[in-house]
Amino acid sequence: MTEPSITAQHDEEIIFIKPTKGWGSLNLRELWLYRELIYFLTWRDLKVRYKQTVLGAGWAILQPVLSMIVFSIFFGNLLNVPSEGVPYPIFAYAALLPWGVFAKALNDTGRSLVSNRAMLTKIYFPRMAIPLASVFSSLADFLIAFVVMLGLMLYYRIAPTSNIWTLPFFLLLAVITALGVGLWLSAMNVLYRDIGYMIPYITQLWFYLTPIVYSSREVPAQWQFFYALNPMVGVVEGFRWALLGTADAPDPMIAVSAIISVVIFISGMFYFRRMERTFADMV
Amino acid sequence: MDNIAIRVENLGKQYRIGLTPMRYRTMRESLVESMSLKSRSKRAAIKEEIGTIWALRDVSFEVYKGQVLGIIGRNGAGKSTLLKILSRITEPTEGYAEIHGKVGSLLEVGTGFHPELSGRENIFLNGAILGMRREEIERKFDAIVAFSEVEKFIDTPVKRFSSGMYLRLAFAVAAHLEPQILVVDEVLAVGDAEFQRKCLGKMNDVAKEGRTVIFVSHNMSAILRLTEETILLDQGRIVLRAPTPQAVDHYMASGFSQSGERTWDIDEIPTEAAPFRPIALRVSDHNQRRLDRVRSTDPICIEVEYALDAPIKGLRVGIYVQTTRGEFVLTSFDTDSTQQFERYSVRSEGHYISKCTLPPDFLNEGQYVLGINASSYRVKRYFQDENALVFTVDGAGAPGKQWPERRLGPVRPRLEWNIDVR
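Residue numbers (the working numbering), protein chains in the order written: chain Y, 11 to 293; chain H, 817 to 1238.
Don't read these hints as lab results, they were simulated from the structure.
All values reported here derive from a predicted model rather than from experimental measurement.
Over 10 Å on every C-beta distance to chain Y, these chain H residues come out as not near it, computed from the model: (1) SER978; (2) PHE1011; (3) ASP1081; (4) PRO1220.
Once the Cα atoms are required to be at most 27 Å apart in a straight line, the calculated DSSO-like pairs of lysine-lysine come out as: (5) LYS28/Y x LYS918/H; (6) LYS57/Y x LYS968/H; (7) LYS1024/H x LYS918/H; (8) LYS1171/H x LYS1129/H; (9) LYS61/Y x LYS975/H; (10) LYS975/H x LYS1018/H; (11) LYS881/H x LYS956/H; (12) LYS975/H x LYS57/Y; (13) LYS881/H x LYS1014/H; (14) LYS1014/H x LYS1024/H; (15) LYS1196/H x LYS1171/H; (16) LYS57/Y x LYS956/H; (17) LYS918/H x LYS956/H; (18) LYS956/H x LYS1024/H; (19) LYS881/H x LYS1018/H; (20) LYS968/H x LYS1018/H; (21) LYS881/H x LYS918/H; (22) LYS956/H x LYS1014/H; (23) LYS881/H x LYS28/Y; (24) LYS61/Y x LYS968/H; (25) LYS918/H x LYS31/Y.
All residues carry an ideal CB built from backbone N, CA and C; glycine is no exception.
This is chain H alone, in the form it adopts within the complex (with noise of 0.2 Å):
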């Protein structure tokens, strides 16, 4: 009992959605109800049905102090809603949680920092809406300036810091919060590679002392780095509570089994992404076979299939490959050669298939995640989605077969080797 920092019982959220649509079909039955006298409770649950939905249910879990645990899930799974209700910025519809201990939540860096203030009076202001209190910031103050590196600017307004600036700024104050309790969403998801270590090895440091950390991320190396333990939520509920390594591998395999094919439907489509709409992903072998397992030895199909209802100025739709521990592998754009980049400077709109094709001998023999962006350089991301298809690289007849290891490194090319004897 002692040992247990948080523990949540049947925790549920829910949340009502399309109001507006819904408005004339809600209005229309909310008539039929009342007319035809049906039970209160009856009436609630007809209610319930319509435009609400829950995105947290039936959540259960302890966790024990000292804990770094991880969760992990796609978007929507519910994990923002839980580190909400966690950190008490939302109540729970139903189901109860208990925290032991001082809680800090950081579901973004630099809430309420102010574009007009100083660099300074931005540390002092964000640390208190933070909950640090006042000596306590002072006394922290040339830490947290060490740490972001903008000595320099500190009495600059962050209005005039280059987004590195403030997201190392945003991120030193909340590095010295020092609550009994951490819950951190996915604030490592912004900055370039070099703050983002940064940021890592903070996290690490803050693992290592011992406190409960709530760690979120959609960084699957980051989670392998940081947690022991993982959480898998699936629309709104607890799949999986694994040792970390199986959780993210159940995760990074789950849900993908639509053999070397994902289709996107028109509600999967963030309205963002508008003109933008993507169709499907395809991973397919030299014979346009469409599959989810492909040989090493072969080359790779991948098609990306999608619409424009606009023409869209600049657009590049592209892959990412990555392994299934979330280490990059490649990005590429269908416009990356400059005649390409020069022919498509504007798409208009219609239905398009993107081609590319991987060389034979080029990745090792494992399991890979298939993502993909549509975006505008500088202008907008339309459309991505990291995770959208996992395949299977066959090592058959691959360079050093002979020796059933496995080896290391997601590439595994056929190089030319010269063994000169002297």
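Just chain Y, with the same shape it has in the complex (with noise of 0.2 Å):
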């Protein structure tokens, strides 16, 4: 949109408003110059989340374990999945946890633009600062969820991993896979509001092709590339195997899904950063 400059002489700064054509900048420095505005929009979020319900916070312990226990009826006692040797409900909850930062932090993500309409058609800001905000909202969420993995790891007596130090890129991964995502689906959602419906089913399909219920030993050799090129199977095999010793070590291939989510982050940050301008006025 419009670049502040600092003018040597007065040190005032001048701000230039004109048509952007094409493709812009992202002005990572104006968000970062922004940076207080994130944190009140992420506390803002936490704060209205649980507002008026009774169990509060607890809603971010109850969702992982409601689908825990479900999952490990269904699959792990009535079907049987095989669960790598650990007990299933750790299996799952495992998994679940990088996966409900990435669900939440794409929903939220996704809606968040036209949520905040009347911040967009009012205030100027980096509109960045929405989306971004509505991820961090989404970490808190993961935080308060970990802690009953270490109760699950206690009750197991599965001890972590040397490799638990590796938990914080995976998480990485799985938040810059959604923020990727969100920023497409955000941007396309203020001009299309099919995108809004279409985020759970995004989801809901994406929750199959990661091996969240199942193991990803169970998926056949030949598409086991094919696979490996969702980033949130990286994840979660790298949650599993920091975590519980399950699975193997990442092998080269999360390289490559690394690239992927990074390629769909930047691409993201361009596409928002390209529309941006007309979201006031199509919102």
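Using the hints, put the two chains back together into the complex; each one sits in its own frame.
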């Protein structure tokens, strides 16, 4: 959009406003200047999310725990889905942790612009602050849900592997993928509200393409390459590997999927910046 | 050069309109266009004519540092678009603007307020959204709370606030913004009279502090009080830039030369007005002659002609009389009397004329602005146009005319005076 620049003589900010054409720069510097706004938006999302609920932040625990129980009954007990040698509940939960961040971030960022319509049409700020805040607030739920993971590990007497330090990397990969896809979807959602209806289906489909209720070893060998292109496969595998010591150490495919998510992320940012100028008029 | 705060050069903003009803035509035409192999620029020109509108065009002006500039114009004149461009919410289609200094824009109070959050939390959130830093908000927190007068409820979710409290809090945050340049839209148009007075006072302080302010309002008395110079916009273009009293007079008197009648075309009526459809507003003398100049000593007949496309419950159709300086003289509705009120509790569909008469010896000489309002109390305001028609009252023969001086005040009644000699 517009680039503020500093004039040397007066130390006074001069803002030039003119039509921009084509692809703009990302202007991350400005985003950095608005970091407090991102902080407050995240804080608002967190404050508001469980307001007027009895359980409050307990929902952040209850959601993955309930999913874990349901999956354990149907896939673990009834269908006897192999769980790589660890009890099925913890096998599922280790995957539900990063999946929860991913799904929530994807959902919230995808809708974030339309739900913050009033702000977009009344105030100037770097628009990317809104989806970023959505992602950060989904991380808070992760931290709460992680406590349950520790409890489960204690209960099943599974010690974390020495690879646990790699967890933040896998988490980052999940977040970058969600944010990248979320940036694309949120910007498109401004123009076509169809996107808002598609998001639940995209998430659901992605859920089945990710080894959450099953082990990735079940995927036939000839499909393994394409399967691993999904960055969330690497993320979930990585979580199980680092926490439970199951699954195999990440192979070079993780690099390929990491590159894919970075490409989605960066292209998402550019697309978002390009569409940004029409947001106020279209939303 | 150093004195300039804002320079705007040939600014224009084009919007696409009516995509849905136009689609068939544009699709067909785009097919025809592509087949006839016209040059690209020609095609672009055709495209431009169809389904687009210039909300703002060829607007150039400068604002000096410390100047308080007013912007006035009818709805749709481009005022809000201009403010949105200057506050970088939307981009111009052509031209450019340069702004020297930090801009704070106030197009609405309470942007980003969340109903579930407490007053305290909303102050921080809204402050951050308006561009204040955290320590700045902390520093001004007490002043903001004091200004808002909601100390007792500061930890209550704002969804439990009355609308007055909500507005006071929202304005309190906004009022403590300290940018070098402040861009303010119709934020004073809300709230009760007391609140408006307080806001206006605060705006006055801001103006006196030597900050640059661009102030958009429909409230002519606010514009007159706060600004010295004003730009009048009409249909996206600058009509006049002049000292405020002159610009206000020009605005209030312009475009109304329809000799005592104002009519509304279908495309002038906003869709929210349905099922109410204004047709005309007329001023005439007691001989039914339509006039834009009436005598102070004669009764003045005012009629509102309108149609209802569906029955409306509790509808009241009324008039406003304002001075050209924006002070209200009166408001009156056709169902003010209890009999009418009961008889028209539901007004069926049809074509109506609501008529009333202002008594003789009532208005002082001068120009007045007639407005109309059609609403159901606390349900919906169907239609409102406060500046629908201007008429002139001639003081010939009015009490006290033996002295040619101008009398203060909007009314000029013929009072019964007794002089007792003791």
